[in-house]
Amino acid sequence: MPHLTVEYSSNLSGFPEAQMLAELNQTVTASPEIADEFDLKSRCVAHASYAVGTQTAGRAFVHVQLRLLSGRSPEAKLDFSQRIAAVLRRLTPQPEGLVVQLSVEIVDMDRPSYIKDRL
Amino acid sequence: MPHLTVEYSSNLSGFPEAQMLAELNQTVTASPEIADEFDLKSRCVAHASYAVGTQTAGRAFVHVQLRLLSGRSPEAKLDFSQRIAAVLRRLTPQPEGLVVQLSVEIVDMDRPSYIKDRL
Amino acid sequence: MPHLTVEYSSNLSGFPEAQMLAELNQTVTASPEIADEFDLKSRCVAHASYAVGTQTAGRAFVHVQLRLLSGRSPEAKLDFSQRIAAVLRRLTPQPEGLVVQLSVEIVDMDRPSYIKDRL
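In order, the protein sequences belong to chains A, B and C. Throughout, the working numbering is defined as the position within the first sequence, counted from one, plus 1144. Throughout, the working numbering is defined as the position within the second sequence, counted from one, plus 1144. Throughout, the working numbering is defined as the position within the third sequence, counted from one, plus 1144.
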């Protein structure tokens, strides 16, 4: 059931999208909170139109949002963030002259109204 | 006021974006919870960069998120999910060799700080 | 820490993406709630695949979502919405024959599990 979205500013040239998704999925599904690796749906979006603060040059960002069905403990959520942040720190490119901000957000999804199915 | 987003993995070739949005908007606005059909803003996003679990081939997904001003009952939210899931089951392509995961999420939007206007 | 996303329907031709982001970031970071302008990460997404209600022509939308760490007062959140709405009203194009809906949503992000870092 979890959904993961990676967003990054397109000035991070050489961003390894496929590897990033593969390693994030690996570490997230390795959590004891995830019953079946199959359930994790992840996507990566490069933003060509972005702005960081009020200065136009020299700044980049990567943001990951993980959406989980509600009910996880604060500790479990922080563990997910830490797993994700570790991969971001390792795989995010650092082009010269750019300050890169990384961030990770965990979101609770409303459980009673969530529907999933397979075709 | 509601916002609807359809996301799908781009291996679902032939995904009927326009028809999907039209039929989702039809069924969502037919709910007694929606006062004016005009209020529903929907978009569809195909993801070329995605990963489902830890295996790279043979998997696809479609996810719909519906964002509503807070205050709906659990029954009303589940009814929205069911309306949406019925359309997804009917219109999502099933390319041979792909297992397709469908999911529907309902999100409460903070009502006091929400602003809407028309130009 | 805040994240801002502008989405608009692509029938709003001439939408001033860079100026919109620059002026939104200017006004949002001018709020006394924001300690460092550097923290605001904004992006703009044009949707070519969209539908407003059940009618296919003559309708457009712009939606802004601002995600903030939880804990802001209702007044502070409404102030953010109003700052954003003022920029939208000023900069959104009004092509002839289109009714344009503007909306602004403020989202609380879970604070204990949020991680940020710089490279």
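It should be emphasised that the hints constitute simulated quantities derived from the structure, not laboratory data. Do not take every clue at face value.
[Stated by the list, open to error] When the alpha-carbon atoms are kept at most 20 Å apart in a straight line, the in silico EDC-like pairs for lysine to aspartate or glutamate are as follows:
no.: 1; chain 1: C; residue 1: Lys-1221; chain 2: C; residue 2: Glu-1181
no.: 2; chain 1: C; residue 1: Lys-1221; chain 2: B; residue 2: Asp-1252
no.: 3; chain 1: C; residue 1: Lys-1221; chain 2: C; residue 2: Asp-1261
no.: 4; chain 1: C; residue 1: Lys-1260; chain 2: C; residue 2: Asp-1180
no.: 5; chain 1: C; residue 1: Lys-1260; chain 2: A; residue 2: Asp-1261
no.: 6; chain 1: B; residue 1: Lys-1260; chain 2: B; residue 2: Glu-1181
no.: 7; chain 1: A; residue 1: Lys-1221; chain 2: C; residue 2: Asp-1261
no.: 8; chain 1: B; residue 1: Lys-1260; chain 2: C; residue 2: Glu-1181
no.: 9; chain 1: A; residue 1: Lys-1221; chain 2: C; residue 2: Glu-1181
no.: 10; chain 1: C; residue 1: Lys-1260; chain 2: A; residue 2: Asp-1183
no.: 11; chain 1: B; residue 1: Lys-1260; chain 2: B; residue 2: Glu-1167
no.: 12; chain 1: B; residue 1: Lys-1260; chain 2: C; residue 2: Asp-1180
Practice item. Would you list, in rising numerical order, the hints stated earlier that this structure does not obey? Key: 3, 5, 8, 9, 10, 11, 12
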